[in-house]
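A.B. asks: As you go down the protein sequences, you meet chains A and B in turn.
Every letter in the first sequence is one number past the one before it in our numbering, and letter 374, counting from 1, is 374.
Every letter in the second sequence is one number past the one before it in our numbering, and letter 50, counting from 1, is 50.
Calculated from the structure, these hints are not laboratory results.
No residue lacks a Cβ here, since even glycine has one placed at the ideal position from N, Cα and C.
Warning: the hint list may mix true and false statements.
Taking CB as the label site, the calculated pair distances span [unchecked claim]:
1) K9(A) <-> H15(B): 27 to 37 Å
2) E48(B) <-> N136(A): 18 to 28 Å
3) M105(B) <-> N136(A): 41 to 51 Å
4) S478(A) <-> E11(B): 28 to 38 Å
DSSO-like cross-link-like pairs, simulated, lysine-lysine; straight-line CA separation at most 30 Å [as the list claims (entries may be wrong)]:
5) K145(B) <-> K176(A)
6) K792(A) <-> K836(A)
7) K209(A) <-> K346(A)
8) K131(A) <-> K99(B)
9) K428(A) <-> K409(A)
10) K132(A) <-> K145(B)
11) K74(B) <-> K132(A)
12) K496(A) <-> K99(B)
13) K100(B) <-> K33(B)
14) K605(A) <-> K590(A)
15) K145(B) <-> K100(B)
16) K131(A) <-> K145(B)
17) K524(A) <-> K580(A)
18) K559(A) <-> K288(A)
19) K132(A) <-> K313(A)
20) K524(A) <-> K560(A)
21) K792(A) <-> K724(A)
22) K20(B) <-> K428(A)
23) K145(B) <-> K792(A)
24) K409(A) <-> K20(B)
25) K847(A) <-> K904(A)
26) K176(A) <-> K20(B)
27) K309(A) <-> K9(A)
28) K309(A) <-> K297(A)
29) K579(A) <-> K836(A)
30) K3(A) <-> K131(A)
31) K346(A) <-> K176(A)
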Amino acid sequence: MAKLLIDGKQYEAEAGQNLLHVCLSLGLNLPYFCWHPALGSVGACRQCAVKQYRDENDKQGRLVMSCMTPVTEGMVITLEDPDSKEFRATIIESLMTNHPHDCPICDEGGECHLQDMTVMTGHNYRGYRFKKRTFNNQYLGPFINHEMNRCITCYRCVRFYHDYAGGGDLAAFASKNHVYFGRHEDGALESEFSGNLVEVCPTGVFTDKTLKEHYTRKWDLQTAPSVCVHCAQGCNTIPGERYGEIRRILNRYHGEVNGYFLCDRGRFGYSFVNAATRIREPRLRRAKEGALESVTKQALLAELGAAFKDREKVIGIGSPRASLEGNFALKTLVGDSRFFAGVADKEAKLVSLALEILQDGPARSASLKDVERCDAVLVLGEDLTNTSPRLALSLRQLVRNAPLGLAAKAGIPDWHDLAAREIIQDEKGPCFIATAAATRLDDIAAETYHAAPEDLARLGFAVAHALDPEAPRVADLSPDAAALAARIAEALRSAKRPLVVSGTSLGSEAVLEAAANVAWALSKEGQGADLSLVVPECNSLGLALLAEGGIGRALEAVKKGEADTLVILENDLYRRAPKKAVDELLDTAKRVIVVDHTEHATTAKAAALLPAGTFAESDGTLVSNEGRMQRFFQVFVPKGEIQESWRWLRELMLAAGFGERVAGWNSLTDVHHAMLEAQADLAAVTAAAPDPSFRVTGLKIPRQPHRYSGRTAMNAHINIHEQKPPEDPDSPLTFSMEGFLGRAPSPLVTRFWAPGWNSVQALTRFQEEVAGPLRGGDPGVRLIEPAPDARKSYHSHIPAAHQPSDGELLLVPLHQIFGSEALSALSPAIEQRTAKAALALSAEDSKRLAVADGDEVEVTICGLPRRLPARVVASLPKGVAGAPVGLPDLPSVVSLPERVRANKAVVR
Amino acid sequence: MLSPEERAEIEAEIHHYPRKEAACIEAMKVVQKHRGWVSDEGIRDVAEIMGMTPAEVDGIATFYNLIFRKPVGKHVVMACDSVSCWVMGYENVRECLRKKLGVEMGQTTPDGKFTVLPIACLGDCDHAPAMMVGEDLHHDLTAEKIDEVLKRYS
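Could you build the full structure based on these sequences and the hints that come with them?
C.D. replies: Set out below in structure tokens:
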């Protein structure tokens, strides 16, 4: 730490850190544009100038750029002297010469960094009186709107998109007054992280196109802390609501998880909340062949309660996309032995295996921040850009760590972005990617390996054996694979902090076990290893903590006549098991009750439908693939009879007359207490966020900004009397603009705002230090923390190598960021980016079948004959084909990998 | 698509640099030499051989005023408009060119013979005002001299 004097006041700061970082961390107001906490300093915009003095007696001083100046002991600077103030005002005036001043019609208005900085520097009157240069805007796809005239050329967009996220299709064009940020030609931005431009751009050049469809100013949005439900990574988000609709999602900074950035699936996948396919009122099918009719809640509960008497005959099917609370309530309803995970048996087994590997240790599950601290990585079997996009972005940062050593050696601090990138050039740390086919991350890999799941596992086992001879040896490994395994082992062994990434997406236990062996072998070596296992959905791990056995077990029970009533929680079983099996299950059961928020193939067969709240209309807890328990809070009160799943299940129990255990469940906290009584390993659920009784100076935390408008008018067409704000028994937040206006504890931060800081950059006021943890600690509780000295015996079931057999193809599941996840796929913006279903074939196999790209192929997948266009994927190994997972036009692709036969379709 | 000659010339340039991308400007100059200007297709051709994206190549192309991203006439007339030439009568040069050729700065004559562009400093200040036609430098310009020079290229 170094002592420094800022405007005559003593402060302490980390020596070597840049001054801008330090000033913002200390809570001082200093304007900036080109600097971004995650992107570092380039010293381009000159906006953050301050005056530095030789010592306290130096009265002259000199202007320095604070973002480029490291802190030294005894440093003396001023922010408030007339020279630097005038300099900063002049800079912003010149940056603004071409700015159109169209704030009233600009989507950024009210949350604009440029507005904030202009006010901060006191640039009130415009001196420039000439013609402004204007640009043509581009079509950039369904996510991002482009308005180049507003640009102040800070270059943050390309620095994020190109340098940080590896996107190749956004660049800076031309020079001087004509610098233009866009694409080579009109078209959708290709990067899966393009949505971050909305937050990275300090003004309104790149704005959220989905928000534009139903635009609302930041101050008119009701917001609450939430967690993304579109993959298992558990990124923190801030959804915003107005008039009963979610209008946009913003990133909610979490120091250990998502940091500053989200993926486009998480940001733009929200529209299912507003969709016409929502179930908004209870529905009942009175006759077996009749239609589902809307009924009142009372009628529904009376009907179901009467039919529900024999509890022994009811089984519950939970869901990896429902909260812990919903799943727990269902488990309470049906009893432990009749509660099943609502996933294929195979998936349940895979997720349990992943959970076991993480729990048993010694390798610790890595947070995304941990990933960015590692310096070498082996990815085994996961196409991360498509299965866990945010993790893919973290891997891009990981590969910079080893070469950043070069910068450190040259005395360049890592925040000095331009110099660090200059010295690193194209150097990348060791990254090995072993997957079925090429991935969008291969460009950062030192080496890639494309093979069938068995061979990927064999490579992993071989790496483990190379690291520790006690790990089982792989027999008959090809010399190429053996040599590669040796190189990978060497790279991981010589790393300071190696990481192993794997997951369930290929449907292979052997791949997971091989990854575990590698991590354990590294742990035995002494330096330890981080392990990141990707599981399928936002609460897959949470569900695995509550249930064993999947849908197959439920089917058995129904077939044996042990049960006649099914209660299905937030789940479309047709996406989970082959159609035949689900048909059999739903047709055999006497009564099918579905609690869900959105219509799908399973709700179409239900005898009763109970309208559940989405993530935005309920509170709950999810367990991410890191094993982090995180609370999401209700954003708004929905219209109609929509309520949390656990409330429906409780009312069902009360109506059926066996509700004595749940009679006392009046709030989320009551459910939590029941949970920790029932299951000690879930005890942390109460610690994930403050409970509903939490107050600051006796006040709740408001979900609405203090400038929220229209409260007295927005419902005047229904009732001119202002309504009392709805009660919220489940959280310390209120559906109101009244409450504690200061900084709430980190799990309860409803938006980032501070006086003078209306844009997302207000975040620095909520962090202990810029880019550090949120004040009071990052939210959530890590549930899985293995003993570091745990010793586990190695997995020893090594599969035989894949043998391409005549005429048969091994069909593996291929995931797509846009389309493979059910809820986000319902968003029109995501739908526009979803590729049509196709059968991926290797070059050899497409030759053998005499098909070219686009030719129709006949193939039977999971028992259903299909006709799909072929897509030739050169990187696929011979004898391996790929089918897209979960696409709307091909929903029930489950139970892969499997062996199939494919033929060229006869043209009809 | 790159012609075999273009490809050979670009590959020869690539050999001069430790990193392929460094030859990007030379590659565009090769394309411009053969095609007169660098079209969108030309950008994509260069991107492919350089292992870069079209956006990255276009970013470089548009930075340089001597890489032409629009078709130009047979001869490109570049009249210097920097300080010395301005003092010595650049405005007369511009007027002469306008009258003689009937086009404004940035335009091409209808017969496709000349494109007139401004340029900042040709390094010939002691003989200002100066202009270039194609690769030839002409200085100490007067109305008569401009007439005579243009005739040579007609």
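A.B. asks: Could you tell me which of the numbered hints above are not met by this structure, giving the numbers in increasing order?
C.D. replies: Those not satisfied are hints 1, 3, 5, 6, 7, 10, 11, 12, 16, 17, 19, 20, 21, 23, 27, 30 and 31.
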